[in-house]
Amino acid sequence: MFTTALRNAVRLRPSSSFAMLVLVISAAHAPAQPVPAFAVRRVVHEHQRTMILIPGLFSSGDVWNGLAAHLGRGFDLHVLTLAGFAGVPPLRADGFFDAERDAIARYIKDKHLDHPILVGHSLGGALALAVGAMVPDLVGAIVVVDAVPFLPALNDSKATAAANRATADAIRHAYAAATPAQMAAQSGAAFRGVMRDTLHLAEAIGWSAASDPATAGRAVADMMVTDLRPLMPAIRSPVLLVAAGGAAVTPAAVETIRATYEAQVAGIPIHRVVVAENARHFIMYDAPTFLFETMDAFFKEHSR
0 MFTTALRNAV RLRPSSSFAM LVLVISAAHA PAQPVPAFAV RRVVHEHQRT MILIPGLFSS
60 GDVWNGLAAH LGRGFDLHVL TLAGFAGVPP LRADGFFDAE RDAIARYIKD KHLDHPILVG
120 HSLGGALALA VGAMVPDLVG AIVVVDAVPF LPALNDSKAT AAANRATADA IRHAYAAATP
180 AQMAAQSGAA FRGVMRDTLH LAEAIGWSAA SDPATAGRAV ADMMVTDLRP LMPAIRSPVL
240 LVAAGGAAVT PAAVETIRAT YEAQVAGIPI HRVVVAENAR HFIMYDAPTF LFETMDAFFK
300 EHSR
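Residue numbers for the sequence shown, in numbering that gives the first Met the number 0: 0 to 303.
Derived pair list, reagent style SDA-like, types lysine to any residue, alpha-carbon separation capped at 25 Å:
no.: 1; residue 1: 299; residue 2: 265
no.: 2; residue 1: 108; residue 2: 75
no.: 3; residue 1: 110; residue 2: 61
no.: 4; residue 1: 157; residue 2: 247
no.: 5; residue 1: 108; residue 2: 48
no.: 6; residue 1: 157; residue 2: 231
no.: 7; residue 1: 108; residue 2: 88
no.: 8; residue 1: 157; residue 2: 265
no.: 9; residue 1: 299; residue 2: 285
Quick list of simulated restraints, FRET-style, between CB atoms:
no.: 10; residue 1: 43; residue 2: 162; range: 43 to 51 Å
no.: 11; residue 1: 73; residue 2: 269; range: 20 to 28 Å
no.: 12; residue 1: 113; residue 2: 233; range: 16 to 24 Å
no.: 13; residue 1: 165; residue 2: 111; range: 42 to 50 Å
no.: 14; residue 1: 114; residue 2: 93; range: 25 to 33 Å
no.: 15; residue 1: 246; residue 2: 114; range: 30 to 38 Å
no.: 16; residue 1: 233; residue 2: 166; range: 23 to 31 Å
no.: 17; residue 1: 172; residue 2: 46; range: 43 to 51 Å
no.: 18; residue 1: 88; residue 2: 157; range: 33 to 41 Å
Treat the hints as calculated values from the structure; they're not laboratory data. Just so we're clear, the structure is a prediction, and the values are computed from it rather than from any experiment. Glycine included, C-beta positions come from ideal geometry on N, C-alpha and C.
Whole structure, please, built from the sequences with the hints as guidance.
Here is the structure:
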């Protein structure tokens, strides 16, 4: 599901508001960048556990509104929207993935956050893993929602970053040639393929229309050539990976999905892989009760 979601979030040619008080809007800057690496909506509850919520490709931080409402007053939330997506101004330099990873790590340091929990969906889940490996002593538990350390290996266990460079370049150029209007016009079918929920479909398409096509291309291209698997043993945090199993039609198919994701995170010392059997890529929309209850149990087990 993750591979399909990232590659086909928009098919390009040619090739609830929070029920809590929003107190602070801030931004984290990457060095020598003219715009922030992400926008932050902070929902402050003093003396509570800190959580950073990272959305995926095209998505606004609003994708986490349901989770925020579920968590109630138990967390100090830092809800990100990555540069270039859902109306946030784009970064113009190459190296999108690394710039976002570095900015999140720097944000944790600059804000003196105490071992924040990282929760990421899709691209955001890969970033959460990258940050956890980069600054293992600074982060708490990590929740990854339908993401993996190396995207191409979901389809081909023998895939390598080097072998995917030509594909990555083609993806980057294809997205850069599109306009936001073209992305919005073609995104409906793509989003229907990655979420069963229809309530949030129009909102997701709107995020796509407000996103920068070139940024999307750089992000997907980076995911095609960024293999985090060798770095996974550096993660000291407990990791929960929730995989989308909505494409499976038999118990054996569900087990195949679980095993494929498990192979990607096997190097993480403390981890658990579960499959949301009735959900596609946007698990927070398709199976919110399953996701939230699974996270609750994980946090209870790994509370600090």
